[in-house]
Amino acid sequence: MTLVVEDLQTQFPTRAGLIRAVDGVSLQVGPGEILGLVGESGSGKSITGFSILGLIDPPGRIAGGRVLFQGRDLVGLPEEELRRLRGARIAMVFQDPMMTLNPVLRIDTQMIEAVLAHEDAGREAARARARDALARVGIPSPDERLLAYPHQFSGGMRQRVAIAIALLHKPQLIIADEPTTALDVTIQGQILFEMRKLARESGTALIWISHDLAVVSGLADRIAVMYAGRIVESGPARAVLAAPLHPYTRGLLDSLPRGAGRGQRLVAIPGMAPSLGRLPPGCAFAPRCSRATAACEAMPALAEAGADRAVRCIHPLGDAA
Amino acid sequence: MTAYVIRRLLQAALVLFVMSLLVFFGVYLIGDPVEIFVAADADQVERARAIAALGLDKPIWEQYTSFVQGALGGDFGRSFVFGLPAVTLILQRLPATLELAFAAVFLTVVIGLPLGLWAGLRPDGFAGRTILAGSILGFSLPTFWVGIMLILVFAVQLGWLPSNGRGPVAEFLGIKSSLFTVDGWRHLILPAINLALLNIALMIRLVRAGVREVLPLDYIRFARAKGLSWGRIVGVHVMKNIMLPVVTVLGLELGAVIAFAVVTESIFNWPGMGKLIIDSIQRLDRPVVVAYLMVTVAIVIFINLVVDVVYSLLDPRIRLKDLDH
Ligand SMILES: Nc1ncnc2c1ncn2[C@@H]1O[C@H](COP(=O)(O)OP(=O)(O)O)[C@@H](O)[C@H]1O
Ligand SMILES: [Mg+2]
Chain A
1 MTLVVEDLQT
11 QFPTRAGLIR
21 AVDGVSLQVG
31 PGEILGLVGE
41 SGSGKSITGF
51 SILGLIDPPG
61 RIAGGRVLFQ
71 GRDLVGLPEE
81 ELRRLRGARI
91 AMVFQDPMMT
101 LNPVLRIDTQ
111 MIEAVLAHED
121 AGREAARARA
131 RDALARVGIP
141 SPDERLLAYP
151 HQFSGGMRQR
161 VAIAIALLHK
171 PQLIIADEPT
181 TALDVTIQGQ
191 ILFEMRKLAR
201 ESGTALIWIS
211 HDLAVVSGLA
221 DRIAVMYAGR
231 IVESGPARAV
241 LAAPLHPYTR
251 GLLDSLPRGA
261 GRGQRLVAIP
271 GMAPSLGRLP
281 PGCAFAPRCS
291 RATAACEAMP
301 ALAEAGADRA
311 VRCIHPLGDA
321 A
Chain B
1001 MTAYVIRRLL
1011 QAALVLFVMS
1021 LLVFFGVYLI
1031 GDPVEIFVAA
1041 DADQVERARA
1051 IAALGLDKPI
1061 WEQYTSFVQG
1071 ALGGDFGRSF
1081 VFGLPAVTLI
1091 LQRLPATLEL
1101 AFAAVFLTVV
1111 IGLPLGLWAG
1121 LRPDGFAGRT
1131 ILAGSILGFS
1141 LPTFWVGIML
1151 ILVFAVQLGW
1161 LPSNGRGPVA
1171 EFLGIKSSLF
1181 TVDGWRHLIL
1191 PAINLALLNI
1201 ALMIRLVRAG
1211 VREVLPLDYI
1221 RFARAKGLSW
1231 GRIVGVHVMK
1241 NIMLPVVTVL
1251 GLELGAVIAF
1261 AVVTESIFNW
1271 PGMGKLIIDS
1281 IQRLDRPVVV
1291 AYLMVTVAIV
1301 IFINLVVDVV
1311 YSLLDPRIRL
1321 KDLDH
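One line per chain: the protein sequences are A and B, in this order. Mind the numbering: the first sequence is residues 1 to 321 in the numbering used here, read in order. Mind the numbering: the second sequence is residues 1001 to 1325 in the numbering used here, read in order.
This is chain B alone, in the form it adopts within the complex (with noise of 0.2 Å):
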């Protein structure tokens, strides 16, 4: 297993430097960001001034070159913008984004899993085919379009939720997040909801399908010959069979939305590093551009991993070598 994690991490570090490279020199094609920074009516003096307080009048391979130096010490450069380190910004703007993303993945468990339970066991029934056909409908709405309708209905019509922004932040444990808070609550459902929906579909037909195919197997069977109650075929030999594609959804999940909360923080006004990422490319921030992608595949890479390693731990067939390719 050591060598398993050992060999992953490397892997790891290969794809940050490939990925560090395309950022670098794509954001660099994209546009020049001197345009943006520097007043059109500056004089030649000025604008050389500013060039070189960038960092921009070196060659594009040296500012790789001194980019990676400061990387493998923790140091993304300075935001353009903000004058900022730009690793300072991104871990500003991650906890409400893992807010997000924790209680997107919290929803698609605690609504996926029954409803998918439940027209799984009785795919005929009426409450069966419900559910099926509203996974349909959450697959096939866009993100955008439900967001704005949850904003519509429950914001603006109703009045409940408010949709524009972030609730206050309480400390709890060292930890501080709006999620010690009533109205940080408040705050998050709605895009919390609108994150959740497409997962909660992926979930409801995952476990739908896992259920349907598990059910018919010998071993259900036999588990029933042996007299134990419904209640812990489901709830043990049914459900341990069916975690698999679980876990793999909520640690795809977990990851996506991490990385690209883009749309819902746009929508909802989320201060998550969704929206820090928009603005920087707008503004050509480099810095903060390269180190969000970094940080994000970093975090993708590692929840991958903490997803193989479950995978061994829930189904013992699953040796951690195999999954490697």
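The following block holds chain A by itself, in its conformation from the complex (with noise of 0.2 Å):
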């Protein structure tokens, strides 16, 4: 396994109390394997993300849990052993393409310090490095499109920019959150298919973050559902898309266009996501599930459920049919 993560807690002290973000996450990704991160807006994919690297500003703090990279333990690492790392063995690539390159570099300095970062190469190699990669991800004349700054770039072309910039030191995990959310269909498309074929090439292992089932059902091999900082139910993709068993999955399913079958209507998950400071007792989801019992305000545990698979709940689809 490239990375193994184990009952993560991330959580953020804040005026209206303590903010668990990522309460207990487990999950795991190998080489080549692609991992589909899903779940509602603030459920904690990108804290997610973010403490896998160790970039949790404070007063923030990752209070629990191991980060197994190729079998070392991340959390706590020296801030330069982890700078070693990030970049050149984990990279990431961030939601908001028009946010995540400074505004007042070229792209060229930014992908040539990227690369010195890591490694002694001369400049000269350095920006060899940045142009192959630009021309890697689909940038027309890279020479040309180093020179420029990234507002003369679209939002697609940067996001495209900063996936160029992780491949730069072949890393061994990319975490990709939302790396398409921003984008039009057809450039979502093809970014998709290049992320996809260069796991398969290249052994690396992705980790997928979206809030779009759809996204990540056509990509991952495996899902990992999260809500209200916590994992519901992880499964292999074809199972999990085809056989849900947290009605959280279900619903979200059933909000999808492609989901619900023709001439059906798409319903949508009643209520809304609940804020992180003020969760119930038990299974968070049982206020919007239809499922929900009195049983529900105690925690369940996410268990194992079949080949390969586990579900947070206590009524899980498929025990009623």
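Please keep in mind that the hints were generated in silico from the structure rather than gathered at the bench. Values in this document were obtained by computation on a predicted structure and should not be read as measured data. Hints are not guaranteed to be accurate.
[As the list claims (entries may be wrong)] Stretch by stretch, here's where chain A covers chain B in the computed footprint (C-beta under 8 Å, at least three residues):
id	segment
1	1205–1218
2	1306–1318
[As the list claims (entries may be wrong)] Between beta-carbon pairs, the in silico distance windows are:
id	chain 1	residue 1	chain 2	residue 2	range
3	B	1317	A	72	33 to 43 Å
4	A	14	B	1318	29 to 39 Å
5	A	138	B	1015	49 to 59 Å
The C-beta atom is built at its ideal place from N, Cα and C for all residues, glycine as well.
Assembling the complex is the task here: the two chains are given apart, and the hints tell you how they should meet.
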């Protein structure tokens, strides 16, 4: 396994109390594998990604758990050792391409510094690497584009630049945080295709974060569904999509145009994602769940549920069927 | 860019023209220089001759048109007091004021920038809080009081530094300046600190605010995710983004110091333009006052133009034509 996350806890003290943005998340991903991490906005997906890289700013902190990268626990590692891993062995692509590049630095500056942060390559060699990386993600006339500033690129092109930066050092793990959410559908398709090819060809492990189950369904080998800071269901993508066990996963599927059958109405999940400061004591989804009973007031454990699957629910689907 | 600069220069010409009108007639309203220059016991003939010599016998609008004609050729008239061309008087005093201005700007950068960075990077630390509190002090203490205190402590009590006038001048690369002598620096330090204090406080505030605004942004986190060192993130990614306010302060400071070093120059008896203008106003020496204001307005306009050009160099998103309003 490239990455094994065990019982990760990431917390932010706020005036309104302690926010458990990530509350006991466990997941794993191996070489060449694509893990889709799905959940509504605010469920803690990005914070999970940042926690893996050790990019949680105080007063936020990782309060517990382990992040085993190639067998080594990254939690509590000295900053300099984390720095050497970041960008080189573990890369991350951020959610909003309009904000990830520094507006006042040229693209070449931002790419060359990323090369030189980890290698003693000369400036010219670094520039050639940057050029090749841009060409690889399909940016036309990369030599010219290297001299441009971020504002001269469209959102899609900026995200390609960010992906090119993530690819510079051939990392073992890439965390892609909703990299296509801000882009239009055609570009989204291209980027998905390229990332998938990359994972397959170079054996890179890929964690693909998305709030959109449709995006993940065509891409991921495995899916982990997050709700209010916790994993509520995980398993092979096909199995989860074909027969979801958690009512929340079902809800996500039913709200997809593709998930619902022809002529069927799209059904949105009733209610709103809960605020992390005021979670119910038991299952966080219970207030929105049609299957909830009094028993749901106790926190269900993430339990094995058949071949390679797990679900955190007292009344999983399929039981009643 | 050329079109922009040309348009700005035309605007500047208009501003200068309006200034000349206001100042010329303004000084005319303040008082009659004749009362000051002509001895009280002079007879009518002597009086008339003196008035004619100063050109004050003609109607005011005629005085103004002949002033404008001269000014277009670089002649702002002769000082009533010194009998020298007003421009010459001002140019004699300009180097001393420029020295003071550049020394103050230099202090603002080397003190204000690092302190502001520190306070922005560690806002909750002891040093960060102390720096912030100090900057509040810098804002609230009046310049003249600080000047007097500096003199009392460093000149009178400790006797470390002189408090009066400018040091000896030496020539270097064809430039004559007291910056090239040790004693010149000793004379410069106290007035420069006095002038810089407010701007150091302003610089600390702006840099601190800029750092705190930039640090939580995505692109800083992304820079960290690339594995950049903290030094590079602060030195390049943060610094380049807070340069706009820094350049703004420096431009304002330079302009303000050149134009209004009056208080400091008076306290430290610094022979710059500020002292000249105070003396000239008291003596209703109209040509000098008018010429002084024209020169300082021109300098301030020029500095603003430079600041705008620097803006567009620092931040590629800013195009010069957008700065025009
Ligand atoms: N710096 C912070 N301070 C307090 N709460 C935070 C902070 N960052 C994130 N959170 C909380 O963590 C939750 C999860 O955020 P995030 O991981 O960004 O969600 P998403 O699944 O949309 O990526 C959010 O609901 C937010 O309230
Ligand atoms: Mg997110």
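Tested hints:
1. Note: the segment 1205–1218 of chain B has 3 residues with beta-carbon separation from chain A under 8 Å; the three-residue rule is met and the coverage holds.
2. Counting residues of the segment 1306–1318 of chain B whose C-beta sits closer than 8 Å to any C-beta of chain A gives 4, which meets the bar of three, so the coverage hint holds.
3. One distance hint, 33 to 43 Å for the beta-carbon pair residue 1317 (chain B) and residue 72 (chain A), holds here, with the actual separation near 42 Å.
4. Between residue 14 (chain A) and residue 1318 (chain B) the beta carbon distance is about 36 Å. The supplied range of 29 to 39 Å therefore holds.
5. The hint said 49 to 59 Å for the Cβ distance between residue 138 (chain A) and residue 1015 (chain B), and at roughly 52 Å that hint holds.
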